[in-house]
Amino acid sequence: MVKMSGSHALIEALYKEKVDVIFGLPGGAIMPVYDVLRDSKIRHILVRHEQSAAHMAEGYARASGKVGVCMATSGPGATNLVTGIANAYMDSSPIIAITGQVPRAMIGKDAFQETDIIGITTPITKYNFQPRHASEIPETVKMAFQIASTGRPGPVVIDLPKDVQTEVADMDFPEKIEIRGYKPNISPHPLQIEKATELLTKAERPFILAGGGVIISNASQNLQAISELLLAPVATTFMGKGSFPENHPLSLGVIGMHGTLEANKSILEADVLLAVGTRFSDRSTGKIDEFCPDAKIIQIDIDPSEVGKNRAIDVPIVGDVGKTLIELHNSLSKRLEKKESSLWSKRIQQIKDELRDKVKINQEKDLVPQKVLKELREMLPIDAIVTTEVGQNQMWASLYFKVYKPRTFISSGGLGTMGFGFPAAIGVKVARPDVPVFDIAGDGSFTMTANSLATSVSENIPVTVVILNNSMLGMVAQWQRLFYNRRYSAVELGECPDFVKLAEAFGAQGFRVDSIDEFKKAVKQALESHVTTVIDVPIPPEENVFPMIPAGKGLREIIY
Amino acid sequence: MEKKEEKNYIISTIVENKPGVLYRASNMFRKRAFNIDSISVGPTERKDLARMTITINGDEPIVEQLVKQLGKLIDVIKISVLNPQNTVIRELALIKLHVADAKARSDIINFVNIFRGRIVDVSIGSMMVEITGTPDKIDAFLTLATTFGIKEIARTGITALVRG
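Sequence order for the protein chains is C and X. Taking numbering that gives the first Met the number 0, the leading residue of the first sequence gets 0, the next gets one more, and so forth. Taking numbering that gives the first Met the number 0, the leading residue of the second sequence gets 0, the next gets one more, and so forth.
Simulated from the structure, these hints should not be mistaken for laboratory data. Take these hints with a grain of salt, some might be off.
[As the list claims (entries may be wrong)] Part of the chain C face toward chain X, derived, beta carbon under 8 Å:
hint	residue
1	Gly64
2	Tyr126
3	Ile176
4	Ile178
5	Arg179
6	Gly180
7	Tyr181
8	Lys308
[Stated by the list, open to error] Quick list of in silico lysine-lysine cross-link-like pairs, PhoX-like style, CA-CA up to 20 Å:
hint	chain 1	residue 1	chain 2	residue 2
9	C	Lys308	X	Lys46
10	C	Lys308	X	Lys67
11	C	Lys182	X	Lys3
Beta carbons are placed, not taken as given, at the ideal position from N, Cα and C, and that holds for glycine.
All chains should be built: construct the whole structure from the sequences, respecting the hints.
See the structure below:
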């Protein structure tokens, strides 16, 4: 037992959880914590808007596999975090958001900067806490980290009334904690492993769909081992991009609305589908009734509520993806010999050869997103980390920026948050200062959180933003071209702002490039200079992202 | 997915007895668009635990999904889907009835006796009746009661416990 204030207990507890950085912005109701933070060993990174703090924490978490922490004051500080918390919830990222709250006696009185952040975040967090006594803080932090980082990870909010921060109490820091209502099921049931083995050994055309769960569970190598043993091709969901090397002969790239032709066509030929760490999102499956209707489906997920939520499953397996894949591989390798090729693997190669260049790329122009991204891939080292914004830029990145290692492609999947990529890149760079970090952006998305340039420059966290600039809200414009008779409504952004001047105003370097050579030069400069860089790449304003499966249609109805 | 048969389900849960738990559960029902029929929460034999009883009409996949989503709530410790065959099911209703004349008054008293209910309040022109039983029994009483004129009803929703 040690006597200290709630704020001291919070910082001490965070330190015990090995937190080395907090992204945040102070305000009235969190000042006691900031006062203690000033003297602690934990680095604080000052943002210019709290939304970015949450995205930075998520970028940090997803690049490192650790828990990311962000902090804000009560009221608007807390509500500004909400988009970032929702994003982390949809993409199962472990972050902890600490918010200040008005003193206990004022809760419920509509006090200045009071907001019911517990009520607001209940549907978008894995759990949230509002300790009513300072002595609860050590235990609360311990539980928050355990809940955020285990099972299916997710965001946790800790809302601290100001007088709880200042209250002095005897503190007991537990080493371990038991949460009686929270026991994630890690180990798969042996009977289910047996059933899956049975199906897969008899399969003629086995197919693997790998989701974000493979990355979260650090199971990429186990996945590759099973794929090679079965000679089963692998398509990833958008969130699973990076879980399987996209230069592997069995890789088909990303599936879904803007997936590759190869992935979307060949999955329909599968007779047994092994779905790993994926929740069958509508963006991945298209119209669910037409998604592999005749295939037998095995689904592995740590979250029992995801198994069978969107699609009936033949063999459900609840367990940690990594652990389950190891057990499944052990079981399969007793029954199967590794082979060089099969009828099915040859068929896959044939599909790939046939469809590889089917999607036309503008040959008249140089500065088209597809070529820019292929060029970028060639220039960046294999372990460079890329984030993206949301919209066309994101889908081009998914299609044309090939990824070979897990945790090197970080994007807002479930929530589709414009403005995610740049602050996320800053968080990534904090976690991985050793590798180049690039944000593939659109002009619309980047403008949403461009004020993070201030953080990037003044905290010396150099990242590079590549803006695929079509002076449009490109994805909405694409839908208006395709489905609304070209009636543009509120999508034209004009050549505003001047991104070079914007970058320079914040003390970053900015380049506007007019050819692929200039683009290469700018990337080289960014890689060599170690300062925050914005590369503005003008692209044709009416370029579409293809292939595309229109919303609500089946995979067969892919257009390209 | 083919359309499955809809049935009434009673889901009994043991939850942490602390503020906000009912909010977390009802919030989840709203968020996932589960249309539950009733929910009741009350203390248990242990101070730190409460029992939350939920009734829902739905098909099996819906109920399965509801149970899984409940299971994800950190404050929910135990869940069981009760089998009506070996479960005692009770609901309590308070019904305020319009009393037109002396005949109505004696009819009401008769009916209440048949239903083993109780008269809990009497005033000029109205009576309040307490009925306990299965929801069907309460519904049956309410059908009779409409002939007198119902002024107000308050029902608790189902609570239930497995026999033995």
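query = Hint by hint, which ones does the structure fall short of?
reply = 1, 3, 9, 11
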